[in-house]
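Here are the chains, one letter per residue:
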Amino acid sequence: MAEIKASFFIECDELLESLQDGLQLMDDGEADSETVNVVFRAVHSIKGGAGAFGLDDLVKFAHRFETAMDDVRSDKLEATHDVLKLFFQCGDILADLVREARDDSPHDPSSTAQVLNEIDALLGSSAEEEAEEEVEFQPMTLSLDLPGIDADPTPASEPSYTIVFEPENELYNLGNEPLFLLRALRELGDMIVTCETVSLPDLDQLSVETGTMVWTIQLTTSEGEGAIKEVFDFVDGICRLEITENTPPTAYLLPDIDLAPELPPLPMPPAAENLSLEAPSAAAENTFLPPQLPEAQPSPSGPPPATYSKPKQAAPAPVNKPAPKTSGGATTPRATVRVDLHRIDRLVNLVGEIVINQAMLTQSVEEAGLPPNSTVRTGLEEFLQLTRDIQESVMMIRAQPVKSLFQRMSRIVRESSADIGKDVRLKTEGENTEVDKTVIERLADPLTHMIRNAVDHGLESNAEREASGKSATGNVHLTAMHRSGRVVIEVSDDGAGINREKVHQIAVEKGLVPPDLQLTDTEIDNLLFLPGFSTAKEVSNLSGRGVGMDVVRSAIQALGGRISITSERGKGTTFSISLPLTLAVLDGMIISVAKETLVVPLNSILETLTLTPSDLLEFGPETHVVNIRNTFVPLLDLGAELGYREPLSDYSGTVVLLIMQEDGSRAAVVVDAIEDQRQVVIKGLQDSYGRVPGIAAATILGDGKIALILDPVDLITQSSGRTRPSSNLEKIAG
Amino acid sequence: MTDTSKTPDIHKDGDEIELLSFLVGGQDYSVDIMSVREIRGGAQATSLPHSPSYVRGVINLRGAVLPIMDLAKRLGMQEEQKNDRNVIIVVAVGERTVGLMVDAVSDILSISEEDMQPPPEMRADQNRNFVSALTIVNDRMIRVLDLNAVMPETNEEAA
Chain A
1 MAEIKASFFI
11 ECDELLESLQ
21 DGLQLMDDGE
31 ADSETVNVVF
41 RAVHSIKGGA
51 GAFGLDDLVK
61 FAHRFETAMD
71 DVRSDKLEAT
81 HDVLKLFFQC
91 GDILADLVRE
101 ARDDSPHDPS
111 STAQVLNEID
121 ALLGSSAEEE
131 AEEEVEFQPM
141 TLSLDLPGID
151 ADPTPASEPS
161 YTIVFEPENE
171 LYNLGNEPLF
181 LLRALRELGD
191 MIVTCETVSL
201 PDLDQLSVET
211 GTMVWTIQLT
221 TSEGEGAIKE
231 VFDFVDGICR
241 LEITENTPPT
251 AYLLPDIDLA
261 PELPPLPMPP
271 AAENLSLEAP
281 SAAAENTFLP
291 PQLPEAQPSP
301 SGPPPATYSK
311 PKQAAPAPVN
321 KPAPKTSGGA
331 TTPRATVRVD
341 LHRIDRLVNL
351 VGEIVINQAM
361 LTQSVEEAGL
371 PPNSTVRTGL
381 EEFLQLTRDI
391 QESVMMIRAQ
401 PVKSLFQRMS
411 RIVRESSADI
421 GKDVRLKTEG
431 ENTEVDKTVI
441 ERLADPLTHM
451 IRNAVDHGLE
461 SNAEREASGK
471 SATGNVHLTA
481 MHRSGRVVIE
491 VSDDGAGINR
501 EKVHQIAVEK
511 GLVPPDLQLT
521 DTEIDNLLFL
531 PGFSTAKEVS
541 NLSGRGVGMD
551 VVRSAIQALG
561 GRISITSERG
571 KGTTFSISLP
581 LTLAVLDGMI
591 ISVAKETLVV
601 PLNSILETLT
611 LTPSDLLEFG
621 PETHVVNIRN
631 TFVPLLDLGA
641 ELGYREPLSD
651 YSGTVVLLIM
661 QEDGSRAAVV
671 VDAIEDQRQV
681 VIKGLQDSYG
691 RVPGIAAATI
701 LGDGKIALIL
711 DPVDLITQSS
721 GRTRPSSNLE
731 KIAG
Chain B
1001 MTDTSKTPDI
1011 HKDGDEIELL
1021 SFLVGGQDYS
1031 VDIMSVREIR
1041 GGAQATSLPH
1051 SPSYVRGVIN
1061 LRGAVLPIMD
1071 LAKRLGMQEE
1081 QKNDRNVIIV
1091 VAVGERTVGL
1101 MVDAVSDILS
1111 ISEEDMQPPP
1121 EMRADQNRNF
1131 VSALTIVNDR
1141 MIRVLDLNAV
1151 MPETNEEAA
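Chains as they are written, first to last, in our numbering: chain A, 1 to 734; chain B, 1001 to 1159.
Extracted from the complex, chain A is given alone in its bound form (with noise of 0.2 Å):
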């Protein structure tokens, strides 16, 4: 059971992507039928499979949802931007519902309840709701609502019929079944039925002995009246029946869609199960009908003309489309496998592995002292190019479109520009373009704080942007591609750009430049990245919380990235993000401390220095401080930390590393030797042995051996700064 709740959760994943997709195409007005058909199945493919579970929050809101829905797709709701706005929210809602149902966590109707009554507002009533409960499970069907359209393309001959049909209740009370009538007149041809719930009354006024519902049936047949009629023989006097002959319709000529498919069969084994268990319940009457009744057209009887337009709009659309698109919906989806991730990892281990004994093996003929020319050597020469490719596609299975990512932004973007009041639209572009998972995973926070940069800060008011000519409506663009085997993501806004002055101004004034230091656009721009930097005049709900740019580009650089930032005076500013296109190799340099040799990270280190006694300050009675070009650096030795060896009596004439902390402060270690700098295949610990402090992973170098990778940040936050031998023989560790 849990496996299949896992699974439904993954669908959930793909069905709120494919809604918020749709969502999407609606708002930008590239909506076809198929795609307001898409967004409501996903909502209704939620609702069943959480049914199952027994979410019932989760069920209710769907519900809610999809009736609204519904409503838009039977037109009977006109999907404004107002609306669509709605469903977002809706959709996010939806999401974390989601969430909340996979955590177990606890649901908080209040975050619900707004949105509901927004629906309730937009719906007029939730009158139908209820009694349509009993409808949820049943099966799906495409494009219902093209009403009028025949499953054979050349009927153009027979005669269609429109009968209205509405029961009494003294038709229920015989024993008579709508259902079994229904039946029988699809005997005589092809027919589209629609149901009127117009008239259903809420719940709790619902009567059993009630019967409220009328259908409208298009039904073509060459069988003439009089069969109809002999249909409803038994029933005549107990209900209404008008039966209205249709103009033979010239559109017949439509293009050939051919809808036979989509035509469900009556669904009969389950139905007649709800039959006698609800029996005259009008409620459960709905279930009798074949599915696509509740979701079908309800304006009855519309002129074939007007009926035919709509699949006519529809159905040159999606050519004219462009490709990515149409893509995006759940309507061509592409072949995929879904592997555990661990097979993936283990597979990655294994191509590193490769890597590795490659370089041995290199060596090894290289030892040998082959000539260049042999065959050992130019087969060498083939297996590391296969080696190489080998390990591109490998890492390639890791990554992923950064299509959730996008959407995660597109929700940031509607929630924080309702919280400030400001119109703006998202634009997202490269979608489908690939990051390895774990980049995905960890780029969420840093693009967050920058779409809310974007939003906050970088676009003006709606007023403030008309009044310089622009629209009211604010853009934010976020892009992802490929760029010379780097991912670059730009978050662009049309704003106002940066306001240099007052960028210099603020820097001056915190003291982060001397006030006569002249400084290059670029260089100013490059300000907003310092720590304790934040321009935003007065705290917003959104940004200047004091973290800024700072954290942002601290994790970008923790995951091997970097970013800047170009802007133009009052046309915007992007800021642009280059990550590697994989996590499992890094650039490190080699170092060696008490006989053992690590890894640390390149990106975090600022330089490299050779201490001089002058440069060495000693502190307290246990630690130094060195002295960079006038600022104090704490120093730490690296050997000691690790526990690898006792602080060294005097560290004059030894190697230090200037470590860059995420905070912006800084700290120098002490190590015996850097050996190298190179790329290195990370390795976790965590699954073999456990977390071990100041220690991110492992690596095997070149001679088999394994090297620690250093976590230079949490070496920092957990050390002691013991620099000199104390009295104390207390010792840190084995």
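FYI, nobody ran anything at the bench for these hints, they're computed from the structure. Among the hints, a few may not be true.
To be verified - Pairs of lysine-lysine residues, derived as DSS-like cross-links and limited to a Cα-Cα distance of at most 30 Å, are as follows:
no. : chain 1 : residue 1 : chain 2 : residue 2
1   : A       : 571       : A       : 427
2   : A       : 5         : A       : 60
3   : A       : 85        : A       : 427
4   : A       : 502       : A       : 470
5   : B       : 1073      : A       : 85
6   : B       : 1073      : A       : 60
Fit chain B to the known structure of chain A by using the hints.
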């Protein structure tokens, strides 16, 4: 790694249990052979900072990071003079794989279930908890190691 046995210590093969016996600090110990993945020569381990003294470090086992435990130290024996001819028995316990550093591997024994005795309660020895059963082969007492008890605790902080 294929998953073979869930209860590594007592594996039933009819009524016979196969044990891999080895020497640790001059004493005879054994483990259920079904939990043994491989036996390999000692390699130089990369020591882990802030680890308990019985954790020798990690070695490269065909691309996997394998923690190595000094079994003599783990069992609380007196410091043994280190010879380089130490042997590493790679064992799988549950999801984890560790290497046990022992003096030498002696034999593979088939012991019937009836010949296994529960260990007596001995409060003074700290290694009592590491032995799940005792048996006698050729007049020598063989201790069956409780691998679960031997495993280092995860997330063990600095001593």
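Hints and how they fare:
Restraint check for residue 571(A) and residue 427(A): satisfied, since their Cα atoms lie roughly 17 Å apart, inside the 30 Å limit. The suggested pairing of residue 5(A) with residue 60(A) holds, with an alpha-carbon distance near 18 Å, which does not exceed 30 Å. Only pairs whose Cα atoms come within 30 Å are accepted, and residue 85(A) paired with residue 427(A) is accepted, the gap being roughly 15 Å. As the CA atoms of residue 502(A) and residue 470(A) are separated by approximately 23 Å, the hinted pair is consistent with the 30 Å bound.
Restraint check for residue 1073(B) and residue 85(A): not satisfied, since their Cα atoms lie roughly 66 Å apart, outside the 30 Å limit. With a C-alpha separation of about 61 Å, the suggested pair residue 1073(B) and residue 60(A) falls outside the 30 Å cut-off, and the hint is violated.
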